[in-house]
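In case you want the letters, here they are:
Number of protein chains: 2
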Amino acid sequence: MNKLESAGHNIYFDTRLAPLAEIIENGKYSNVFVFADRNTAELCLPVFREMLDDFSGFDLIETDPGEENKNIDFCIGIWKTLLDFGADRKCLVINLGGGVITDMGGFVASTYKRGVDFINIPTTLLSQVDASVGGKTGIDIDNVKNMVGTFSLPQAVFIEAEFLKTVPQREMLSGFAEMIKHGLIADQEYYYQLKAADYKNITTAAIHRSVEIKNEVVTADPQEKGLRKILNFGHTIGHAVESYSLSKDKKPLTHGEAIAIGMICEAYLSHKNSTLTAEELEEIRQYISKVYPAYKIKEKSFAQLSVFMQSDKKNEHGNVLFSLLQSIGKCTYNCRVSESDIVESLEYYNLTYAK
Amino acid sequence: MNKLESAGHNIYFDTRLAPLAEIIENGKYSNVFVFADRNTAELCLPVFREMLDDFSGFDLIETDPGEENKNIDFCIGIWKTLLDFGADRKCLVINLGGGVITDMGGFVASTYKRGVDFINIPTTLLSQVDASVGGKTGIDIDNVKNMVGTFSLPQAVFIEAEFLKTVPQREMLSGFAEMIKHGLIADQEYYYQLKAADYKNITTAAIHRSVEIKNEVVTADPQEKGLRKILNFGHTIGHAVESYSLSKDKKPLTHGEAIAIGMICEAYLSHKNSTLTAEELEEIRQYISKVYPAYKIKEKSFAQLSVFMQSDKKNEHGNVLFSLLQSIGKCTYNCRVSESDIVESLEYYNLTYAK
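Protein chains in written order, with the numbering used here: chain G, 1 to 355; chain U, 1 to 355.
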């Protein structure tokens, strides 16, 4: 149970980074860099050092925290820093942090001198259950998420519950939304298990199951030609709401809060355009709205949301394509949905919280 | 003879782009973009259109010509342009131009939405015999060449002698240096054939042989873990001289002129540190200095050249590594050379032209 195999590398669970020393040893790396943001450098780096017996054979590259800094300017800064350090192709980059760090660090590593090795140590629940698996790297351009990136696999991934101790409850819930999604799209039993358990106390076993589900899906379709798109359930509308909130709200939604909204809207679309029953829709709506705070999607934002959806990466030939539930635990993809249905789903979300 | 197979795609020779229509048809692309610089848009685009029976089903993305524009700012511009055009993952990018266009266009395409299809139509001799094969994409950072990039394969490559009609003699010679290199590292007979022929009249058969040699090498080692490094013969010093010239000279050296210098220096190193005989060194020196104009490597530039060599991508563990000739037609790699030998080789080059 303490490791999963994923496309040629391992995902380790609660090993206290024990295999890392050997990986570094065997890789004969010329330099090791740890990439972290200011917060993880403060909170997680001491734990990282402790786990590695005060290992200090690395240079720290620090960046500013936050999704708004997952941009090309920071990448340029990191590329130049690596160059200044004389980093060659045999260097190793260890990404220690949340999804921003693993996405951006993976992108920088996969393009520096046409690609150097990297290892991901996701330190938030969201990055452990989502960004950790599947080889996606990326940065945002003009607030459009992951508009530029690569498919590149890390040498290894380490998931350590220890790091979650420093994660605030709101951030834990952000990751929890992806876990709910994993149940909804692929495993009914897991969904009901999550619901029955206390969402304020997430077990390593539950994290393991989420990573396993995601791993099965991405292994079957690494390049997102088909099946992998089911992981986007809740994300077409969710990403649009997230981008909008990021650009307009004083206190923007977390990723998971936006995806929670997206899942309610897209469950509505699943009922209207696929085979999700009214009872299942109601089940999903009730549970998610119990866990996540209410948010008002302003009517005047609808047009802008539509613009964001148009640039969704799943789209083909100008059509906004959705991944929709057929039932709880089963998902389909490449579904066309009318503009008016999308608007209805946003109104449905707003109504549900007005109750 | 009119096509070569390379890692899952074809390199077509003088087909007047005949297979392109079918590739576009079969790919069911949502959009087709042609990426060109101002010069190729003026000189090559009309030929491109004519070959495709006035095909107009594409949008043109134009950039400024020149190596100094192979930078991240232009990439950002192109990514945003693609975004503005609503380009999705099913779009196709056709890179029409020299190495700057194919390198940068390939990088942009391989990272836009984590990768879209692209086709290369190299229009200079240099890009036909060099950039066209091997799946390297890249851009320069702070004048350091190809510091950021990916290994990504195009859907197809088209080499058309027709485009060379607009290439000035100096640019033809720039590409010819790579052809000489192909002979020197892998095919003695081909080297002597090139020498015997008129370098002002380069045949498609010769281009074909160069592409074939490069293709054999990169197919054996796509990720440049070993053998592929022989293609860097002449490039460790050559790139450094090129970077220096680009930053200091009013009329900078072309790539090939710099590589010609690099090949004389590294032939000297090959004689001193490998098995290249004195006669072979003299043969190479004489031939290259007959074809390429003299250049003075200033003594005060030696330190800066050394700095550029330190950031060469082939280096490992802080060592500048060279690819050296064992004889004409045979090359080895990962050779360490002393700092003083490097300086000697630069002085050897300067002396040779002082004669």
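If you are wondering where the hints come from, they were derived from the structure by calculation, not from laboratory data. Hints may be right or wrong, so weigh each one.
Identical copies carry no separate label here, and so any pair may be met within one copy or between two of them.
Subject to a maximum C-alpha distance of 25 Å in a straight line, what follows is the list of computed BS3-like cross-link-like pairs (lysine-lysine) [what the hints assert, rightly or not]: (1) K90 x K272; (2) K330 x K298; (3) K28 x K225; (4) K165 x K90; (5) K28 x K298; (6) K225 x K251; (7) K251 x K195; (8) K80 x K248; (9) K300 x K225; (10) K3 x K80; (11) K298 x K225; (12) K80 x K251; (13) K80 x K225; (14) K195 x K250; (15) K225 x K90; (16) K225 x K296; (17) K200 x K28; (18) K28 x K250; (19) K28 x K290; (20) K80 x K195; (21) K195 x K90; (22) K225 x K195; (23) K80 x K296; (24) K290 x K200.
Hints versus structure:
Proximity of K90 and K272 under a CA criterion of 25 Å is satisfied in neither setting, with 53 Å inside one chain copy and 28 Å between copies. Proximity of K330 and K298 under a CA criterion of 25 Å is satisfied in neither setting, with 31 Å inside one chain copy and 70 Å between copies. For the identical chains of this complex, K28 and K225 are inter-copy neighbours only, at 14 Å across copies versus 35 Å inside a copy, given an alpha-carbon limit of 25 Å. When the C-alpha separation of K165 and K90 is checked against a cutoff of 25 Å, the pair qualifies neither within a copy, at 34 Å, nor between copies, at 42 Å.
Within a single copy, K28 and K298 get their C-alpha atoms no closer than 55 Å, and across copies no closer than 38 Å, so neither meets the 25 Å cut-off. Taking CA atoms no more than 25 Å apart as the test, K225 paired with K251 passes in neither setting, with 35 Å inside one copy and 48 Å between copies. In this assembly of identical chains, the alpha carbons of K251 and K195 never lie at most 25 Å apart, being 28 Å within a copy and 70 Å across copies at closest. For the homomeric pair K80 and K248, the shortest alpha-carbon distance between copies (21 Å) is at most 25 Å, but the shortest distance inside one copy (32 Å) is not.
In this assembly of identical chains, K300 and K225 lie within 25 Å of each other by CA distance neither inside one copy nor across copies; the values are 34 Å within and 55 Å between. Neither within a single protomer nor between protomers do K3 and K80 lie at most 25 Å apart by alpha-carbon distance, with minima of 35 Å and 40 Å respectively. Taking the shortest alpha-carbon separations for K298 and K225, neither the intra-copy value of 34 Å nor the inter-copy value of 54 Å comes in at or below 25 Å. Taking CA atoms no more than 25 Å apart as the test, K80 paired with K251 passes in neither setting, with 32 Å inside one copy and 27 Å between copies.
In this assembly of identical chains, the alpha carbons of K80 and K225 lie at most 25 Å apart only when taken from different copies (24 Å versus 34 Å within one copy). For a Cα distance limit of 25 Å, the shortest separation of K195 from K250 qualifies neither inside one copy, at 31 Å, nor across copies, at 70 Å. Proximity of K225 to K90 under the C-alpha cut-off of 25 Å is restricted to the inter-copy arrangement: shortest distance 10 Å between copies versus 32 Å within a copy. For the identical chains of this complex, K225 and K296 are neighbours neither inside a copy (34 Å) nor across copies (54 Å), given an alpha-carbon limit of 25 Å.
Neither within a single protomer nor between protomers do K200 and K28 lie at most 25 Å apart by alpha-carbon distance, with minima of 42 Å and 48 Å respectively. For the homomeric pair K28 and K250, neither the shortest alpha-carbon distance inside one copy (47 Å) nor that between copies (43 Å) is at most 25 Å. Taking CA atoms no more than 25 Å apart as the test, K28 paired with K290 passes in neither setting, with 51 Å inside one copy and 45 Å between copies. For a Cα distance limit of 25 Å, the shortest separation of K80 from K195 qualifies neither inside one copy, at 47 Å, nor across copies, at 42 Å.
In this assembly of identical chains, the alpha carbons of K195 and K90 never lie at most 25 Å apart, being 46 Å within a copy and 38 Å across copies at closest. In the homo-oligomer, the alpha carbons of K225 and K195 never lie at most 25 Å apart, since the shortest distance is 31 Å inside one protomer and 49 Å across protomers. Neither within a single protomer nor between protomers do K80 and K296 lie at most 25 Å apart by alpha-carbon distance, with minima of 42 Å and 30 Å respectively. Taking the shortest alpha-carbon separations for K290 and K200, only the intra-copy value of 13 Å comes in at or below 25 Å, while the best inter-copy value is 78 Å.
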